[in-house]
Every structure is written in C-alpha cells, then in structure tokens.
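Participant: Listed below are the residues making up each chain.
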Amino acid sequence: MVRTKTLQQLFQRYRKPGDLVFAIFFLVFSVALLTQLGDQTKWVARKSLFVQPRFWPAVAVGGMVLFGTLHLIGSLWSPRIYGRLKEMWFWARSLEYVAWFLIYVYLVPITGYLPTTLVFSVLLALRVGYRDGKMLLAAAGSGLFIVILFRGLLQVKIPGGAIYEHLPDGIRAFMLTYM
Amino acid sequence: MDIFLSSLEILARWDVIIALMIGSFGGVIIGSIPGVGPAVAIAILLPATFSLDPIVGLIILLGIYGSSAFGGAIPAILVNTPGTAVNALTTYDGYPMTKAGDGRRALSLAYFSSFFGGIFSVVVLILMAPLLAKVAPHFGSREIFLAALLGIILVVLAHRGQIMAAGMMACFGILLATIGLEPVNYSQRFTFGQSWLSSGMNVIVVVLGLFALSQAFLLLLERDHAPDAAKVEGNLFGGVKELLGHKRVASVSASFGVLMGMIPGVGEFTAQFLSYTYAQKTSKKPELFGKGSPEGLVASETANNAVPAAAMIPLLALGIPGEALTAMMLSVFYVHNVLPGPQLFEQQMDFVVAIYIALLVLNVLVLGFLMVSTNKLLKVVQIPTRFLGVLILTLSFVGVYSLRNSFTDCVIASAFGVLGLILKRLNLPIVPIILGMVLGGIMETKLRTAMPRLKTPLDMIDRPISFIIFSIIVAVLIIHVRVLVIEHRKRNQSDGDDADRLERTTR
Chain A
7 MVRTKTLQQL FQRYRKPGDL VFAIFFLVFS VALLTQLGDQ TKWVARKSLF
57 VQPRFWPAVA VGGMVLFGTL HLIGSLWSPR IYGRLKEMWF WARSLEYVAW
107 FLIYVYLVPI TGYLPTTLVF SVLLALRVGY RDGKMLLAAA GSGLFIVILF
157 RGLLQVKIPG GAIYEHLPDG IRAFMLTYM
Chain B
140 MDIFLSSLEI LARWDVIIAL MIGSFGGVII GSIPGVGPAV AIAILLPATF
190 SLDPIVGLII LLGIYGSSAF GGAIPAILVN TPGTAVNALT TYDGYPMTKA
240 GDGRRALSLA YFSSFFGGIF SVVVLILMAP LLAKVAPHFG SREIFLAALL
290 GIILVVLAHR GQIMAAGMMA CFGILLATIG LEPVNYSQRF TFGQSWLSSG
340 MNVIVVVLGL FALSQAFLLL LERDHAPDAA KVEGNLFGGV KELLGHKRVA
390 SVSASFGVLM GMIPGVGEFT AQFLSYTYAQ KTSKKPELFG KGSPEGLVAS
440 ETANNAVPAA AMIPLLALGI PGEALTAMML SVFYVHNVLP GPQLFEQQMD
490 FVVAIYIALL VLNVLVLGFL MVSTNKLLKV VQIPTRFLGV LILTLSFVGV
540 YSLRNSFTDC VIASAFGVLG LILKRLNLPI VPIILGMVLG GIMETKLRTA
590 MPRLKTPLDM IDRPISFIIF SIIVAVLIIH VRVLVIEHRK RNQSDGDDAD
640 RLERTTR
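Going down the list, the protein sequences come from chains A and B. Under our numbering, the first sequence is numbered contiguously, ending at residue 185. Under our numbering, the second sequence is numbered contiguously, ending at residue 646.
Don't read these hints as lab results, they were simulated from the structure. Any given hint might turn out to be false.
Computed footprint of chain B on chain A; a stretch qualifies when at least three of its residues, placed anywhere within it, have a C-beta under 8 angstroms from a C-beta of chain B [said to hold, decoys possible]:
#: 1; region: 41 to 52
#: 2; region: 121 to 131
#: 3; region: 170 to 183
From the three backbone atoms N, C-alpha and C, an ideal C-beta is built for every residue, glycine too.
Generate coordinates for the entire structure from the input sequences, incorporating the hints supplied.
Facilitator: Here's what the structure looks like:
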C-alpha cells in the first residue's frame, strides 16, 4: 500500500482539464504508429543497427510510447480539475478559424492577394466581434500594410490573382508584380 | 585585427544597417505586445528573409530575438502582463514597484539591466571567439552527435514537472524529422503511400503552425482583452546609477545567462531561476523579493538578455540550436548554403565576429530607442488581443504560403496550429517538438557519418571532447535522478509529519 502511494506521488502533477483526453489520444496515436513501424520503414540486410533506415523512427516511436504511457499514468494519478468537455469544445472551435484560414489561402491565387486580404481582415474582425468603424478601418489598414510590405517591398513569392488578368494592361502588370 | 576589419566591412552596408534597425526596433515593439512574442514574429518573417542576403536576413531575426525581452519588460512592469514569456519573472518585482509609485524607476532599472546583460554577453563571446575557433575544429561527427543528444536530454529535463510530456514531444519531433524519403537507402518512412509526405515535414511549416497559427487561434477564441493604459513621466536615465549599486547581482546574473545560453536546451528560464535564487539568497533584504525588490528585477532582466548572444555559440560553432528561436535561425543558414559548424569558425570567422558586433550595436540602438519611445510603446501594448489574432492569422499566410505556394503546407501548418493550441491550453511544452525535429535530423546524419569509423561502441567516446560530452550526459542524468530522489524523500517526510500532527490532534 505504502509503495503504491509512493509510486502515485512520483507521477502526480498539475493537470488541466482535457489533459487525460490528450494523454489517451497521444498514446493511441503512438501505439498505432508503432504497429506500422515494420510496414512503413525498411530494414536493410548486412547493415549495422545504427545506420538502418528503421533505427531513428523506432527510437522516436518507442520514445513516444514510453513517455506517452508515463504521461498517461501521471494524468490518471493526478487530481482532476473538472471542465473536460468544455475544454474539448474550445479545441473544436479552433476548427472554424482553420476554415477561415484555408478559405483565405484558397482564394488568394484566384481573387488576388490585396483584395482577398482586405476582405479577409475586415470580415474576420467583424466575426470576432468588432463593430466599431475605427477597428474595421484599422483591420483594413493593417491588411493593406501587410500586402504592401511583403508583396510590394519584400517581394515574397505569392502568385498574382487570376482576377488581375481582366484588368487593363498598365494596371495589370503593376498588380501582378506588387499586389 | 584583420578579422575585425573584415567583419566591419560585412556590416558597413546600408541594407545591413537598415536590417539592424528594423530588427532591433521591431523586436522591441513585438516584445512589448503581450500575446505576440519573438517566436511568432520570427516564424512569420522567416520565409520573407530567404530572399535577402544571409547576413541581412539573419540580422533582422537576431535583432528581434535580442531586443524583444527589452520591450517585454514594459507591460510586465507597468501593467503586470509580461510582453514575452521570459519577462514573466520581471512582473514579480517590477509590478509591485509600479504599484508603489516607482514605475519609472523600475523601467529604467530594467532597461539598463537588460543592456548590461546584452553587452556583457557579447563581450564574453568576442573574448571567447579565439578559443572557440581553436576548439571548434575538434568537433567531428561523433562530438556533434553527442552534443545534440545532450541538447535533447537537457531540453527534456529542463521542463521540470513536465518531463514525461517534454520527452514525448521531443520524440514526436524526432519522428517528424524522419518522415519522407530517407537519403541513404532511398526508402520511404512513414509516408503511408502519400506523395505529399515523401518530401518530409518542413520545419518552417511546423514552426509556423505551432507558434504563429496556434497563437492566432488562441487569441481569436479567448476573451478579448486590452491591457490597461499606463504612462511614464520624466527621464529614464536613473537606472544607470541604481544598477551600479547592484554590480554583483548584475554580473552573476549575466554570467548565468551566458552559461545557460551556451548550453543547448537550457536557455532563459533556467538562467533567470538561478540568478533570482542567487540574488535572493545573497540579498540583505530577501523578504522584499516578489514584493518590489530592485535586486530581483536586476537578476531577472540581466539574465534573460544575456542569453540570446550566448545561444548563438552552439548554433554557430556546432550547428546545434539550443532552443526554438535559434532552431528557426538555422534554416536561414541552410537556405543560403551557409553551414554553421566548426568549418564556419575556421573559414568565415569574420562572419561570426560580424554577428557579434551587430549584437553589440543592437543593444545600444535598443536602449536609445527605449529612452525616447517608451510612452509611445505603451499605446502598442493596448492593442486588443482578438485584433492581434486577426493580424497574426493574416501574417501567417505570408509565412506559410510564400514558402512554396503550397496549399498542402497551409493544411499541415493549420493541423500543427490546432496541436499548438491544445498544448498551450494544457500548459504542455511545445519547444521540445521543434528541437526534437532539428536535433533529431542532426543526430541521424552525424551518427551515420561517425559509424564507419567506429569499430566498437566505446570508440564513440575515445576522443577527449566526445568523452567530456558523454561524461556530462551521464552526470546530468545522475544528478537529475538524485534530485528527484531527494525531493521525493522530503515530500514523504513532510507528508509523514503532517500525518503525525493529524494523529496527535485527533487524540
């Protein structure tokens, strides 16, 4: 009994809501990878262990399983703080902004970096609750600044929008190069 | 002398000077905005710097890295919200000083402590450069492998109370480094037949997801918040005189910063912890710590600002990044075909010295900037957090998409963004993933290169430097286990005492 208590103490830590869910998910993911180790990596005959293509993936996945198990034990033996579902809902809500981001990425090569960024910044500002004209103007202004800085001045590799092809010659070249 | 002149020549270009100013002023501004931080800024700017000259790109990033802690002290002291994670300790004594009406004094002391830490660190590096140039060539594959292994072990052990989580994240990072086409036997590893996994996981995409996108998601989802308004009146030069009264604490803290910065995987937090503990233990007024002690403030700010320059040592001399920010900078070197490592010290010493000089100038520029712009920066501090989220998400696009114009990269970065958000919410470490990824790749390559020359495993440590590094690894592990056992015994003893007390009371 004393020994069990001692072991429990050794693994106890501060655990936030949702910790157990993540610990279980990580261990399941690690074990799933471990089962795939043979299929997904190669063992080359007549080569020493340390230069095998399988060696480092095995070290990594083995470590994930080992530490993941110990982390899960720690999670199980640590005092629970309630609010797991609420926390998971918070994680899930981030998917909405993933969608926002990916739609933005998808649209840039079609509708052009400048127009898409302006619309994206303002709509996102509206979505997160800003209704004040000043904040919306600031969102549009910062979008414009970002485009001018990165595309116009630093010339980072962002393709010109397909929509720009429909612009008159003089403006088209400018927009394709700088906006 | 020739090297010094040659390095001045590298720096005496208008683009380098502008980069230095953008990096240093930009770093202060970024550091002063709670919720952004240098990691997010560097991750976003990284791909944009690829089109620049290596020294220009590197100086912008280095400027942000080296100056953000200066800026982070402003909200930490005036509104009790650290601008960057390394300013958290500054709130302990800085904010109580503000509450007691000493905000200006605290800010000034923090600025000059940071300045002293930065300058001290660079001077030590410059003095050490000849020694490093002599030692670095003795680092072969096995030494670099062992140093990288030491880095991984230290980054895991440095996360006290979260060692299991740090271990699993470091291993996950190592796994990410192995995904894709393996370069020697050309076999696929963990690609599951997917072509988009064949080229492997790009470290910048992962970094952007874990640091920038996760922060954007977090800020967009959490309650909107804008730090309170604050104002500083009068000049900020008083800190020089006060700092001179704390010479001992400042020197020891700066030394801790340099030492901890040089060791891969350790960094600011350990340096601050050691400095703060030292300052408190040797103080004549230890009871003031946490309630507005100037010594505590000096210890925290000197130590955190001495780290960035020192962290460049393992990066430049061995090609081993000690933490996430230097890991990001490593990619700037790779993109420009500048390979940090012993050969850099042998062949391009002027480049190394140029970086040190840039760091020296950076500290002077930042101090001057802060003297005239603190009140203006206080307005930047007040940007609402959700608005920052909008900005970071818009900027993240530049970072991820400009890399290869790949939609897939953006999807991968988003997935890591969600993972980063979960880890941040659970207070689990993120840095080990990045270090595992970078150091894992280094370890695999170096071990493979070293193997043909080794007849038995013991040959791995038959050279003096490899033996020393191996001994350090063993010592670190033994010390860690010993500390765990001692702590555990103490806890058991105090539990036993509590039980006895309870028994006596119930009788």
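Participant: Taking beta carbons only, do three or more residues of the region 170 to 183 of chain A come closer than 8 angstroms to chain B?
Facilitator: violated (count 0)
Participant: Examine the region 41 to 52 of chain A for residues whose CB is less than 8 angstroms from any CB of chain B, and state whether their number is three or more.
Facilitator: holds (count 5)
Participant: Count residues of the region 121 to 131 of chain A with a Cβ under 8 angstroms from any Cβ of chain B, then say if the count reaches three.
Facilitator: It holds: at least three residues are needed, and the region 121 to 131 of chain A offers 5 whose Cβ sits within less than 8 angstroms of chain B.
Hint check: a violation occurs at hint 3 only; the rest are consistent with the structure.
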